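Protein chains in written order, with our numbering: chain C, 1 to 391; chain H, 392 to 782; chain E, 783 to 868; chain V, 869 to 954; chain Z, 955 to 1232; chain L, 1233 to 1510; chain Y, 1511 to 1703; chain G, 1704 to 1896.
Source of the hints: derived by calculation from the structure; they are not laboratory data.
For clarity, every value in this text was computed on a predicted model and none was experimentally measured.
Some hints could be false.
Below, computed lysine-lysine pairings styled on BS3-like, alpha-carbon distance capped at 27 Å [what the hints assert, rightly or not]:
#1 G/K1864 <-> G/K1809
#2 Z/K1105 <-> L/K1246
#3 C/K217 <-> Z/K1156
#4 Z/K1156 <-> E/K826
#5 E/K826 <-> Y/K1696
#6 E/K837 <-> Z/K968
#7 H/K608 <-> L/K1383
#8 E/K826 <-> Y/K1671
#9 V/K912 <-> L/K1246
#10 Z/K1156 <-> L/K1434
#11 V/K912 <-> G/K1889
#12 V/K923 <-> L/K1434
#13 V/K923 <-> G/K1864
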Amino acid sequence: MVKLHAARPPPTPRLLSGARFMQGDHACAEGALAAGLDFFAGYPITPSTEVAERLSDRLPAVGGRFVQMEDELGSIAAIIGASAAGARSLTATSGPGFSLMMENIGLAAMMELPIVVVNVQRASPSTGLPTMVGQSDILQARWGSHGDYGVIAYCPDSPQECFDLTFEAFNAADRYRVPVFVLMDEVVGHMAERVVIPEPGILSIRVRKGPRQPPGKEPFLSYAPDDDLVPPIAHAGEGYKVHMTGLTHDERGYPITDAGVHHKLVTRLVDKVRKHADQILMTEEFMLDDADTVLLAIGCTSRSARHAVRMARAQGRHWGLLRPKTVWPFPSDRVRELAASGRVRQFVVPEISLGQLRREVERLTRMPVINITHAGGAMPTPEQILEAVES
Amino acid sequence: MVKLHAARPPPTPRLLSGARFMQGDHACAEGALAAGLDFFAGYPITPSTEVAERLSDRLPAVGGRFVQMEDELGSIAAIIGASAAGARSLTATSGPGFSLMMENIGLAAMMELPIVVVNVQRASPSTGLPTMVGQSDILQARWGSHGDYGVIAYCPDSPQECFDLTFEAFNAADRYRVPVFVLMDEVVGHMAERVVIPEPGILSIRVRKGPRQPPGKEPFLSYAPDDDLVPPIAHAGEGYKVHMTGLTHDERGYPITDAGVHHKLVTRLVDKVRKHADQILMTEEFMLDDADTVLLAIGCTSRSARHAVRMARAQGRHWGLLRPKTVWPFPSDRVRELAASGRVRQFVVPEISLGQLRREVERLTRMPVINITHAGGAMPTPEQILEAVES
Amino acid sequence: MDLSRAQVPHGLVHVIAERCKQCDFCISYCPVDVLEYSEDTNSKGHHFPVVAAGKEQACVFCRFCDLICPELAIFTSESQADASDG
Amino acid sequence: MDLSRAQVPHGLVHVIAERCKQCDFCISYCPVDVLEYSEDTNSKGHHFPVVAAGKEQACVFCRFCDLICPELAIFTSESQADASDG
Amino acid sequence: MSIPVEANISLVDKHPADDLLRADRFPHILCPGCGIGTVIHTYVRAIMESGVDPDRHVCVSGIGCSGRAAGYVNVDSYHATHGRALPFALGIALHKPDLVVTVISGDGDLTAIGGNHFIHAARRNINLNVICINNFNYGMTGGQTGPTSPKGARSPTAPDGNQDHPFILPHLAHAIGASFVSRWTVLHVRQFQEAVLRMMEKDGFCFTEVLAPCPTSFGRPNNFAQGLHEMEMYRDRCHIENGVSRMSDLQIDIMDPDWPIIVGNFVDVERGSYGEHA
Amino acid sequence: MSIPVEANISLVDKHPADDLLRADRFPHILCPGCGIGTVIHTYVRAIMESGVDPDRHVCVSGIGCSGRAAGYVNVDSYHATHGRALPFALGIALHKPDLVVTVISGDGDLTAIGGNHFIHAARRNINLNVICINNFNYGMTGGQTGPTSPKGARSPTAPDGNQDHPFILPHLAHAIGASFVSRWTVLHVRQFQEAVLRMMEKDGFCFTEVLAPCPTSFGRPNNFAQGLHEMEMYRDRCHIENGVSRMSDLQIDIMDPDWPIIVGNFVDVERGSYGEHA
Amino acid sequence: MSIPADDRVQVRFSGVGGQGIVLMGRLLGKAAALYDNKEAVATQSYGPEARGGASRSDVVISSQPIDFPFVTEVDVLVAFFQEAYQRHRGRLARGGLMIVESDLVKPEHDGTEICPVPATRMAEDLGRKVVANVVMLGYLVGRTGVVSRESLEEAIRTTVKAKVVPLDLEAVEAGIQLARTHQQQKADEAAAP
Amino acid sequence: MSIPADDRVQVRFSGVGGQGIVLMGRLLGKAAALYDNKEAVATQSYGPEARGGASRSDVVISSQPIDFPFVTEVDVLVAFFQEAYQRHRGRLARGGLMIVESDLVKPEHDGTEICPVPATRMAEDLGRKVVANVVMLGYLVGRTGVVSRESLEEAIRTTVKAKVVPLDLEAVEAGIQLARTHQQQKADEAAAP
Ligand SMILES: Cc1ncc(C[n+]2csc(CCOP(=O)(O)OP(=O)(O)O)c2C)c(N)n1
Ligand SMILES: Cc1ncc(C[n+]2csc(CCOP(=O)(O)OP(=O)(O)O)c2C)c(N)n1
Ligand code: SF4
Ligand code: SF4
Ligand code: SF4
Ligand code: SF4
Ligand code: SF4
Ligand code: SF4
Ligand SMILES: [Mg+2]
Ligand SMILES: [Mg+2]
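Excised from the complex, chain C in its bound form (with noise of 0.2 Å):
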């Protein structure tokens, strides 16, 4: 017989409420816990160390399980099966490591098993600069994976955010069934700042949408959708004798070779977060009501951009921000309005990486963008984008 793992008792609250100066790294740790975080497995790496340090200590001290994988495909792999048994689960690391999960990745997604995965984004390409700060996976983690799925990814600017956004990167992980980034970078991971944690009963926890029916004799279909194109889950142990596969499937679940399951389901797949990224969006709008001209940035790179912002103001020129936290789905629509706002004359994107987020914005307009780039190691002061934009 199996003997029952003795969970230790809680000695340490699950949400450390109150207001506390902490790194972005730490903050991330203390959302996820916030949200419920039920397994953590992970590889170390920096910048992202520190998640996986802190919630070695955190998670097992409030009954969650910690475990220090072999390497970073164990530890996706390992995330999506506690997915599947139903727990909250996360795994964090940075560039190589991410890299390293992209085909796991494309299991959750395909499997519709809810996990959060936070990458710590530093100098890459390769192993480039460890301890630095870059902005470069953003297009890496819409699609590094091989083919079409959807994900959502939210880019924290500041510590505060880092808890907060982590916290929403569980919620919409069950929420769309769908594998779920918080893409940090270097500054905002290793930068402490004031992180305030609600009380107990603030924050509300999203509960994944499960059966309608019984375990018994009825086989569920665990792929059958609802009408937001999210199917109820059942998970291992439950009684639902799910099967779950990573070849195309019918909607109980069995692989099935067919060309036109195979378009439904995985245009489905994408249409989950296409179709719902009204309501998944989040950005920041800062002084942008009479802006002529649009800075976009995310992440660290927007602090520059709101100062640039606050100095050009200074001079009385219009300048306004509008970041992105998430930066998948990408606020097309707004970008899109903007540019046909008839006030708005240009933007200017400000970037850790050489046009990675210009590409969205040109997409979306014919309007001329400015481009700020730095490969990784530093970020574009806000000086550099004023005279960028001057000259």
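We have chain C; now place chains H, E, V, Z, L, Y and G with the ligands onto it with these hints.
Then chains H, E, V, Z, L, Y and G with the ligands, alone, in the frame of chain C:
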């Protein structure tokens, strides 16, 4: 003492000159052999396995080395290592394996070690439909590894082109020291057609640009680029005592933690391809001169598109086809030119993916883009293309 | 001990013909050679095991044919009949 | 055998002061305690090994300090001097 | 329905184990004479005899013919990507430690691409039951050489015969600390089933290698064109030695007709499974 | 320049091994008391004594502090991604079989993320010399628990002490078929150098585990705050046993002060290295 | 799908694994593409369900470049097996030709012209059952002329192992002979009142 | 970089690993952000070269939201070590304050105001060398008032292990006392003719 590996005498010729009836996978293997392939490492995966199977027989017979590895992570690392030792090296895989190779594709880019990777695309994401066609790894090929880097990708539309473009791929890899992909699809990989292999002496194999100094006292700068942005290369065993790393490095190849060096290095990696796009780009134009409707399609899908053009022309309509043989770099200038011609009214993009190619076209023009998509397992037929445009 | 009254177990063979792929395992490894192939084939063209003529009472209910069958196409049940040789 | 004429090998210690990180290995494992730390420090603030006072002739050229040094900061050469105890 | 169309046989349409099968998917896709079906059969029998509610059994496979096992058993079942069955199963087993999680997959899935997870799951003594179906090749992709392919075996990627040394899987499992290690063949159904039952009742990382014919991919080029041929070879050459002491004696050379193949339960120790200590 | 600024020492600025070092990069980035420097030292000494032209030596590392080794030796040297040093080296070794390819990397690089390549390169008996610097943790990333971390060792990811069973690396290397297997510590410089020389002259997959202090990451939380402390422990507890027969005796528990640590050359057999047969 | 008028001929071979279905496609395609100066594309079905199960290969032959590589409808269907016949008969074009292994397929009477070929028996008569597929190819070529006999023979000579060539050529001959007989019968029938 | 006029103060702590440099930044930032109702951002240097080598931590404090998180120039530089002093002195703003561990740093006379603090010796006098960093923090607070003493003390109380708190508070006191003395001396000097 190390024993020398006794090479088998080559009983069969490298070039199977003449006309053959061959499937695309085999033609791809022959193209690699024609290009001087020295080293193949791979792990079987449908529908690319035939590339490996053919080479397991043919490559050792011409004195090369075939290794079946334990997985795709090992395969890609092995061919990069072999390239470091001077080998023309190849691996072949499909979506799931391609995803697993992403991390080390970044290493090849960063070390500037030429490699060729064949991806015979199948219906995806995840395990998908292993035996059926897909074209949805296009954006992954460009963005699948973390960070910014440059790549070249060819999309053959027939077994003959599997031969021709695989041959090209090796020359391009050696010329620019970037990872080069042959993005086949299951249809071209598995279909058999006439393939004409030239007589010896017709094809010219580009020789890697080597050091212009003898090995010895003067330290060799592995990463000091010439005006063409490409540094000469010295291989293991040639006496130059090179050092290569995936970390950000100086011209000597030594790791250096410096944002400025990083920016310069990565910008060059991207520019190597960007600035030579003219020389790298290969397209087919079919009845484009007076076209008002431009079909843009790759690989097997372009065969339906070409046929749709014929059918439309038979009906007196002015259709034409622009077929990127290199999908990366993308023929952006040509698309912009066509859009600006005043003659072209619309673009039609049929593809076996949910809009990956369309995004590229959309980025370049505000003109209507009719997108005919299939998620995988089947390709749009000529009639479907005609119907989609009519409606 | 009265050997004549010992009950030799005795089995009845059941076959799900459509599942059988004619792998030979059950037939080859029946310790008392109870089984042979049918004349008929199933819809995939496979002959399936039947009890050989004259072997109707031979099955010793060892269940090996059942356990070894990769298709779960054959099983035996214990016969009601008393197999004492009385 | 004339012991008085046997040549005891004798070593001269060389140090690349800037490389030393003061790990103690050479000093601790010198079989004849030849070494001790310098008064001075190098530019990183590390004391480096020097030959202890009175140990100028003690090095037996075993090379252990050299082999063990993780910084390749110390080595010994065989002294020309005849170390016979005559 | 039970139509005895032939006089001397009872034709039925349901098997006593059908409740534990996804019977609507039968006949399965595996080839005639393939041993994988017997492994599936043994696994469901073991579930029936385990005394544990089927709802508490979970089956995880990777990709390959063997990996199709999960798709045929009527318990919660997962068909992970190639090589990742073990960490996927680990996630389930550690999150719900009251479940009995069995991994059934192929030699390629578990010991080629999945080799790293194999050695680490065993090292950590994760509470998993692992059935490695060793058919000496990658059946699903057409029979290429794998890490258990015997020396000399011909395959589409070893046209002149394999020259690599194969793994001795029980030796490897032992060296990395598995709590239970056994090897059987599908011919040894009874002993194999006992081993599976033992794994189900035992804590920690338990491993059984089961040798199974793959007539289509491995057999054809290597003189075992039918499943039965390989079964006959096992009948002729297998020796049972429980608790064998020299693990290196477990080497298999099936190409050598005189080579004895040792099967048995080799290791059964207590080590304290992962998480127990918490 | 050779300025004896202190009377009783000869201060110089060049080491006799400097030609085999990238001396302009010294002092290296490794911490005071780190054992990796000694391994680099031993490797270059072995090159000097190997009788093989340094131009025919190649060094490959992965990522980690140990992985920095390749960057300091003045032979063709490659610093692959984390875990991929072995297949990278395999590519070199098989394409240019006349080169002497040595892989120097960490326990994490070679046996955590790189574990699969390790077992397969050994199984195939690829002609590589592998020096695994075992410092019982992931030094580079700050000391997290790794597959060789002793039970009970504290780390940033095991605040209550590691509960996993560590690998016995020589046992594992043996089980997967390595041709040469040894274990030494950096204190055993001479024997270690002999082992490296033996690997250089021997064909096939040769493996040496070398125990090395990591005072900064492993040492601090585990009572070896200085490199010397760990060296002293090795001096006190190591037993040399060449050709040990029971590989499981090679278990290490460095947290237990009474536990004997066995070092030695354990395996040296001929198996025919990969490609020999061609 | 309506293809602009050309002389496109679409042939499908269907059976189960092991019957040499794929080779038939390759030989026919090769004959057309290399020795008949035509364009030809051969494709085949893959899939786990093909494992020991259904097997199919298609050939499209034309004097024009072949854009769309798959058969759109079948002009000649060769069915080696009952299930294959059932599965594919719906794809046969009006006026298409149905060739069946007459010992293994029991065709239905639906107006389609059926050519019964006891290929396996004929192959057995030649001494090796495995050349049934070549017998069938011979028949197909004899009956349709989609490629020349010479081209088919050349395709065989350049593809199969040398020692098999003579037998294969005999098989072609046998097939062609039967085709001639059938053609004659058909002519006779047509001639009959 | 010109930042719009606000009361942004930028502090840099520099030394070598093991001197508690990172903790200093965290304590100062925490004091400002949690107990002084200011905005504060703390950052630090990472990198393999920091391994046992150079260590640096920065704090930006302001009453306004802090967008750009890094120091643009240094208002207060605390140098614990000669090399750190050398490396960072160029970043000091005009009129900035340079605080040095006076036993470990030999500053050059370049017109910058130097505050020599023998923090290690003072810590040793208190009984534990490791509180040198807290002595330094006390000095910094006493000298600059960038955060209140109470806030610093609260930050200490909520951060370090309980048993260390009393000693740390003593260290703060010692630092503040020295700051007072220096302030007095400065006033005296200014008053002197
Ligand atoms: C990442 C990846 N690489 C390769 C494959 C192709 N593939 C599928 S199954 C398989 C091997 C299966 O071998 P094994 O596990 O022994 O199972 P068997 O088919 O022999 O039962 C391979 C290589 C894949 N699906 N995914
Ligand atoms: C794919 C990937 N994952 C994780 C890392 C982070 N990382 C760098 S080195 C290392 C561990 C190094 O441990 P080891 O090989 O034992 O070397 P050591 O530093 O202890 O000498 C890790 C996890 C990485 N660089 N790449
Ligand atoms: S149960 Fe045993 S004796 Fe009876 S038919 Fe089956 S194998 Fe034969
Ligand atoms: S064992 Fe099963 S599949 Fe095989 S012949 Fe017997 S009944 Fe048929
Ligand atoms: S061993 Fe080397 S680094 Fe260590 S103290 Fe001696 S000279 Fe210095
Ligand atoms: S060579 Fe030997 S004896 Fe001489 S100083 Fe070095 S360790 Fe001491
Ligand atoms: S190919 Fe082999 S392993 Fe796969 S189903 Fe067929 S016999 Fe079984
Ligand atoms: S962290 Fe450890 S392994 Fe890394 S350099 Fe420092 S002592 Fe060596
Ligand atoms: Mg297998
Ligand atoms: Mg280590």
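For each hint, the structure was consulted:
1. Restraint check for G/K1864 and G/K1809: not satisfied, since their Cα atoms lie roughly 34 Å apart, outside the 27 Å limit.
2. Annotation: proposed proximity of Z/K1105 to L/K1246 is violated, straight-line Cα distance about 52 Å (limit 27 Å).
3. Using a Cα cut-off of 27 Å, the hinted pair C/K217 and Z/K1156 is violated, with the two alpha carbons roughly 31 Å apart.
4. A distance of roughly 42 Å separates the Cα atoms of Z/K1156 and E/K826; the hinted pair therefore is violated under the 27 Å criterion.
5. At roughly 34 Å between alpha-carbon atoms, E/K826 and Y/K1696 are farther apart than 27 Å, so this suggested pair is violated.
6. A C-alpha spacing of about 24 Å is found between E/K837 and Z/K968, which places the hinted pair at or below 27 Å, so the restraint holds.
7. Distance check on the hinted pair: H/K608 and L/K1383 sit about 50 Å apart at the alpha-carbon level, beyond 27 Å; violated.
8. With a C-alpha separation of about 32 Å, the suggested pairing of E/K826 with Y/K1671 is violated against the 27 Å cut-off.
9. As the CA atoms of V/K912 and L/K1246 are separated by approximately 18 Å, the hinted pair is consistent with the 27 Å bound.
10. Between Z/K1156 and L/K1434 the CA atoms are separated by roughly 43 Å; this puts the pair beyond 27 Å, and the hint is violated.
11. Restraint check for V/K912 and G/K1889: the C-alpha separation of about 34 Å exceeds 27 Å, so the hint is violated.
12. Of the supplied pair hints, the one linking V/K923 and L/K1434 is violated, its CA atoms being roughly 42 Å apart against a limit of 27 Å.
13. This hinted pair does not check out: V/K923 and G/K1864 have alpha carbons roughly 48 Å apart, beyond 27 Å.
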